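Quick note: the sequence shown uses the working numbering, first residue 70, plus one each step.
In case anyone wonders, no lab produced these hints; they're calculated from the structure. Errors might be hidden in some of the hints.
[Stated by the list, open to error] DEER-style ranges, computed between Cβ atoms:
(1) Ala175 x Asp196: 21 to 27 Å
(2) Gly188 x Ser261: 23 to 29 Å
(3) Gly275 x Gly206: 37 to 43 Å
(4) Glu216 x Gly188: 23 to 29 Å
(5) Leu162 x Leu270: 48 to 54 Å
(6) Lys150 x Asp334: 45 to 51 Å
(7) Leu234 x Ser145: 17 to 23 Å
(8) Ala190 x Pro274: 44 to 50 Å
(9) Ser160 x Glu91: 32 to 38 Å
[Stated by the list, open to error] In the DMTMM-like style, the derived pairs of lysine to aspartate or glutamate whose C-alpha atoms are separated by at most 25 Å in a straight line are:
(10) Lys223 x Glu187
(11) Lys128 x Glu185
(12) Lys223 x Asp117
(13) Lys278 x Asp294
(14) Lys278 x Glu229
(15) Lys179 x Asp244
(16) Lys230 x Glu254
(17) Lys230 x Glu345
(18) Lys150 x Asp117
(19) Lys131 x Glu216
(20) Lys171 x Glu187
(21) Lys171 x Asp117
(22) Lys128 x Asp107
(23) Lys131 x Glu91
(24) Lys157 x Glu185
(25) Lys179 x Glu233
(26) Lys230 x Glu187
(27) Lys128 x Asp117
(28) Lys222 x Glu233
(29) Lys222 x Asp134
Keep in mind that this is a model prediction, so the values were computed, not measured. Even glycine gets a Cβ: it sits at the ideal position worked out from N, Cα and C.
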Amino acid sequence: MKRLGLIAGGGDLPLAIARRCEAEGRPVFVIRLAGFADAHLNRWPGADFGMAEIGGILKALKAQDCGSVCLAGNVSRPDFKTLKPDLKGASLLPGIVAAATKGDDALLRKILSVFEAEGFAVEGADDILGGDMLPPGALGRLAPTLEQIADLKKALHVAEKAGELDIGQGAVVVDGLVLAVEAQEGTDAMLSRVAGLPADLRGGPGAPKGALGKAPKPIQDLRVDMPVIGARTIELAATAGLAGVGGQAGRLILIDRAAIIAAADRLGLFVWGETE
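Please model the complete structure; the sequences and the hints are all you need to start from.
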């Protein structure tokens with residue numbers, strides 16, 4: 070089994086991938102992106118690199134005989150003027166900057182092409198994690214009401230439309246009203262923003278309302294940017310007064326399915342996989 074080169078940004082997804090490789094006996098080498106990667110990734114073989122040290126990253130992956138790479142985790146768009154590229158990075162930076170002006174999806178495609186041009190296969194996090202995807206219907210003991218389903222469907226529709234414009238992957242709808250659309254701040258920050266809205270616009274303790282919907286951007290490469298939820302997503306949704314969280318069945322990665330179910334059941338939220 071060829072060693073996986075895990076290009077790790079922030080969040081729990083890179084950790085989940087590394088743990089899955091370990092459980093399956095697959096060798097993994099972690100490229101920890103400076104300023105983003107979780108310190109817990111230090112338990113696996115790897116190396117630390119800045120975002121623009123592309124030559125060093127490629128050299129390290131080849132030295133470890135990695136046959137494929139997986140790009141996973143949160144990485145904020147950098148200020149390109151402050152990057153410190155190595156020689157390879159400097160040669161590629163103009164093309165990367167040009168791609169970035171066309172949006173995040175174009176930027177990701179450009180970065181993927183760099184690894185593919187060097188002979189690496191690109192694996193999606195969903196392929197590595199296997200069955201850890203949102204199933205159809207209820208995940209946990211609660212199912213949404215008809216009104217909550219309507220809110221979730223609208224949130225997913227809004228997320229998809231925002232994705233067409235390369236904006237984000239999530240939206241919050243309560244009583245048919247769009248309260249928030251995810252942009253560069255990410256899902257956690259969006260939910261925190263919803264929690265700060267006036268109480269009459271959202272649900273609250275004992276009377277949750279509405280839903281968070283997460284959907285992949287129609288234009289994006291799902292090998293890199295499949296939407297993700299974890300137990301923290303459920304906790305923040307509860308704090309925001311929402312009744313539940315959902316996505317398209319088979320197109321939303323679950324970070325620790327058991328923890329998500331436990332959090333949803335404890336906090337009284339539904340988690341729903343939409344099929345229509």
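Handout entry: Hinted pair lysine 223 and aspartate 117, Cα distance within 25 Å
Key = violated, 41 Å
Exercise for the section: Could you grab the alpha-carbon distance between lysine 230 and glutamate 254 and see if it respects the 25 Å cut-off? Expected result: Holds. Lysine 230 to glutamate 254 sits at ~18 Å (cutoff 25 Å).
Exercise for the section: For the pair supplied as a hint, lysine 222 and aspartate 134, confirm whether the alpha-carbon distance does not exceed 25 Å. Expected result: violated, 45 Å
Practice task
Using the beta carbons of lysine 150 and aspartate 334, state whether their distance is inside 45 to 51 Å or not.
Solution key: Given about 48 Å between the Cβ atoms, the range holds.
Problem - Assessment of proposed distance window 48 to 54 Å (beta carbons of leucine 162, leucine 270) - result: 44 Å Cβ-Cβ, so the 48 to 54 Å window is violated.
Problem - Cβ separation of alanine 190 and proline 274, checked against the hinted range 44 to 50 Å - result: Hint holds: Cβ distance 48 Å, inside 44 to 50 Å.
Practice task
Take a look at whether the Cβ-Cβ distance between alanine 175 and aspartate 196 falls inside 21 to 27 Å.
Solution key: 23 Å Cβ-Cβ, so the 21 to 27 Å window holds.
Problem - Restraint check for lysine 278 with aspartate 294, where alpha carbons must lie at most 25 Å apart - result: violated, 28 Å
Problem - Given hint glutamate 91 paired with lysine 131 - CA-CA distance at most 25 Å - result: holds, 20 Å
Practice task
Starting from lysine 223, check that the Cα of glutamate 187 is at most 25 Å away, please.
Solution key: Distance of about 42 Å is beyond 25 Å: violated.
Practice task
Check the following: the C-beta atoms of serine 160 and glutamate 91 are separated by a distance inside 32 to 38 Å.
Solution key: holds, 35 Å
Problem - Hint consistency between lysine 222 and glutamate 233 [alpha-carbon to alpha-carbon, up to 25 Å] - result: holds, 17 Å
Against the hints set out earlier in the document, violations occur for numbers 2, 3, 4, 5, 10, 12, 13, 15, 19, 21, 26 and 29.
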